[in-house]
Structure formats: structure tokens, C-alpha cells
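S.K.: Residues per chain are reported as follows:
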Amino acid sequence: MGTGRLYTAVALGGFRRYATYRTATAAGVFTNTVFGLILAYIMTALWDEKPHLGGYDQAQALSYVWLSQALLMVVATMGGGFEDELLERIRTGDIAIDLYRPADLQLWWLAQDVGRALFHLLGRGVVPLVFGALCFELALPSDPLTWLAFLVSVALGVLVSFSLRYLVALSAFWLLDGAGTAQMSMIAGVFCSGMLLPLNVFQGVLGEVVRALPWSSLIQAPVDVLLGTADPLGTYAFQAAWAVGLLTLGRLLQSAATRRVVVQGG
Amino acid sequence: MPRQAGDPWARQGTYARLRDGLGAYRMIAAMWIRSTMAYRASFAMTTFGNFAATGLDFVAILLMYSQIDRLGGYDLPEVAFLYGVSAIAFGLTDLALGSMDRLGRRVRDGTLDTLLVRPVPVLAQVAADRFALRRLGRITQGLVVFGYAVTALDLTWTPLKVLLVPLMVLSGAAIFSAVFVAGAAFQFVAQDASEVQNSFTYGGSTLLQYPPTVFAKDLVRGVTFVLPLAFVNWLPALYVLGRPYPLDLPAWVAFAPPLVAAACCALAGVAWRAGLRSYRSTGS
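Sequences listed follow chains A and B, in order.
Just so we're aligned: 2 in the numbering used here is position 2 of the first sequence, and the numbers increase by one with no gaps anywhere.
Just so we're aligned: 458 in the numbering used here is position 192 of the second sequence, and the numbers increase by one with no gaps anywhere.
Calculated directly from the structure, the hints in this document are not laboratory data.
Since the structure is predicted, the reported quantities are computational estimates derived from the model, not experimental observations.
Glycine residues also receive a C-beta, built at the ideal position from the N, C-alpha and C atoms.
Chain A side only, calculated, beta carbon under 7 Å to chain B, not exhaustive: (1) 24; (2) 27; (3) 28; (4) 31; (5) 34; (6) 38; (7) 41; (8) 42; (9) 45; (10) 46; (11) 50; (12) 180; (13) 183; (14) 187; (15) 191.
Far from chain A, by Cβ distances over 12 Å, these chain B residues were calculated: (16) 285; (17) 288; (18) 385; (19) 505; (20) 521; (21) 525; (22) 538.
I would like the entire structure built from these sequences, with the hints used as guidance.
M.R.: Written out as C-alpha cells, the structure is:
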């Protein structure tokens, strides 16, 4: 099997794996919609009080809420994708088997995560956004090219998210129990991605710092591309730079880690 | 494997079964505490993490109030009061029943069978499963915000208002518990729909952290008359804060939470028993 076909098959496997759980997907869509609704009312009250907060008008702020609910699972803001399984494999020593496989460890998990992200985009992203657009006045563009530009930014966001979670998983080589790292990463993911509040509402140095961190690639960056409040090429460059940097770091740590791998009880 | 009508537990009195259940709960919870205490550093880290993760909601509120003075007509100490009560009540429930959402997995893989053959109430076993003391982090965070609210609020405290605070926290925890148990009962049917439960538990507690004036009238009606989450903090807290209730309800509803909580728990109990009866093992 060619390398390209191998990773395509792994990605399809990742897609199908999540597509199997239809009730869970429906339940997730329901939850994203309920949270979207609650947040939409809070943001409406906030923007009523201070119109043009963070450079958004009210329709843009509401679009932000529904888009962030749609993207939440795609870019795995709170974690909970492949890294849980990889952490477990490192802890138990099953990772030794993976290292024997004629496939690259990082690319293998990346392919699977891309499949997962694609499923969540279709399975959990579309319905809450459509619901939001029907119930609230959103500022979504009609130009298909803008949507295409948005999808490119989402793809880069998935790449950055993957590279961050790969580092979390690799930490288990040194700590054995990766639960602490996973939790810290979840906290950073929720706060710094713009999930709680758009990052352009954060003021001063705090705002500048969170917008420069890699997590802003997950939600803030693609949403700004769609709303036309950020230049797509500049955004891509920012996201790609973080992706390349973090993937390279993952690669370096991976080779350092595999040299010290000790199979538990073996 | 549903329980037969003639089994010894069915004939016990309610009081005896409650005592058995609480005893079993204590025992299982104590076991899980000992097991987590084996790794003290990890325990300290995850408790802090729990504190920090839930605290971020309030950081978001602080960030909002750095830009505005009022949200839905409420100032920061008032919102902090609503937040604190909701967070403590929800934190208590999360500590006691936080593992209930694992029930769906047990139904799917058939491991619920193990719990059914033990001479201990199933609800107590499911509730105490993986009891996590680190969830004290959430309660601590709620207490901190509540403490801030009480010192910053400019209120004249009457004995009635003071009495209402512990009353609403405990009733609120009981209402949230009913939602957790009813959600678990739903999982007997839906199996892998535990996220639906999250919308009512986590979603509900998020909703209650903001003033009712922020939300659409229909949503407020829904959480007053259908799923009575408004009794957790909105109705009693608005009495304490001296604020009018948005649906023009009479003032005495502020004292209804214990009754509402009792009714919710009774209904959740019925749902739980119906769910348990409908359980068929995996057949594998």
C-alpha cells in the first residue's frame, strides 16, 4: 500500500469510528445548541450594554457564539481526541508495538485526528450553526470563497490543535501519568482559544498575549476569517507558523522519547 | 436483569433502604478516596485544576465587567451572588453524584450486571463509583465567589434572608441531584447520550450564573415551570437581593425551593426505578 493510501485509510477509519455513535452525535448536537442558546443571550446582553465591543457588532458577536459551538469539537478545544488513547498506550507500554509498525507515529495519529475532525465538522458543526442562523440575526457571508477561506483556516486550526495535543500525549513518556498535563492543556484550550469570550474583548497585555498564543488558531482565527475581520493570508501565516513549530517540537520530543522507552513489566 | 417483585430488598421499608444505600455509598466513596490518596501530588494537582477550570467561568464574567458596569441591569456583586449560590449547589451535587454520567457506558458494555447482583442499592453504587474528592475544587471556587459577593453587596440582612441562604444551597443541590438521577435513568434507554445530561446540568448551572433578565421570557418560563432550575437560586436569590422576579410571580415562591426539590427528587426516583426495570443486559 502506498504511503498516501495508508494514511487516507487511517483517516477514513477515524471518520467512521466517530460516525458509528449516532445517538452520541445527536446528544452532542443538542448540547452544543443549548449552550449556544445560553451564550447567545449572554452576548446579546453584553453587546446591548456596549455595542461594538472588541470591534464586533451584535450580529458578528452572535455569529461568533454559534461558530465557536460548531467548531468546539472539530478543533477539540477541550481535548478528548486521539491523545487520550495515545496517553494510555504510552502508560501501558503498548506504544512499543506502535513503534515497530512501518508507519510514522506522528503521521498515523494525525491522519486519524483529521478523520475525527472532518466527522465532527459535518456531524456536530452544521446543525447548531443552522439553528443559530434561523433563530438569531447572524453576520454570515454569502460569498462561497469566504467560506472556502474559512475552511482552510479551520484545517490549519485542526493542525495546530493536533500538534498541541500530541505534545500533551508525549509528556506521558516522562510523567507516566499524563492526566495533569491533559487537564492543564484543557484549561489553556478553553481560556486561550476564545471559547469563553472572543479574544478581542480581552484588553491590554492579556489580550495581546492570548491572541499571540497558538490556541487563538483554534477558534478566534477561523471565525475572524469568516467574518472578514482578519486578513486571511496573515491569519494563515500565523497558524501555519505555529503548526510547523509545534509539529517540529513534537518530532524532536518523539525521537528523544522513543530512545528512552521502557516497556512496563516487559 | 430486573429485580423480581419478591426479592428481599423490595419488602424492606423506605427508611431501611435509605440507610443501606447511604452506608454503601459511604463505604464505596471511602475506598475511592483511599485509592486517590495513594498519589497525593496527583490529587493536589487535579484538585487545583478543578478549582482553576471552574474558576475560568468567573474570570470571563470579570472580563465582561471590566468593560461594562451592569449586565441585564445587575452589577458585579449581584451576579457574583447568583454565581456563588449556583456554583456551590452544583458543586455539592457534582461531588456526590458526578459519576452518574458513566451509567450509559455500563449499560452499553454490560458491567451494570455486576452492580445488580450485589446486595446494595444500585443507585448508591452508581453514584459512588469513582468518587472524586478533587471535585471539592469546584465547591471551593463557588465559596470564594460567594464570599466576595457577600462582602461587596450593599444589603440589609434580615434573619429571613440569612436563613434563606443555606436553604437555597441545599434545595438547589437536591434539584440538581434530581436532574442527575433523571438523566441517568434516561441513559438506560438512550445508552450513549450522556451529553444530553450535560446540557441540563452544566448548561443549567451556567444559565443560573447570570441574571434572569438576560434571557428570553420563554426560556425563563421553561426553567421555572417545566424544569424548575429557577428554584435553585434565581427565585430565592432575587428575594435576598430585593429584585423583582421577571415573571411577576408572588414573593412567597422564594421559599418554595425545599418543596420543589422534594417533588423533583420523588419524580427522579420514579424515573430511576422505571429505567432500572427496563434494563436488559447486553446479551453477550
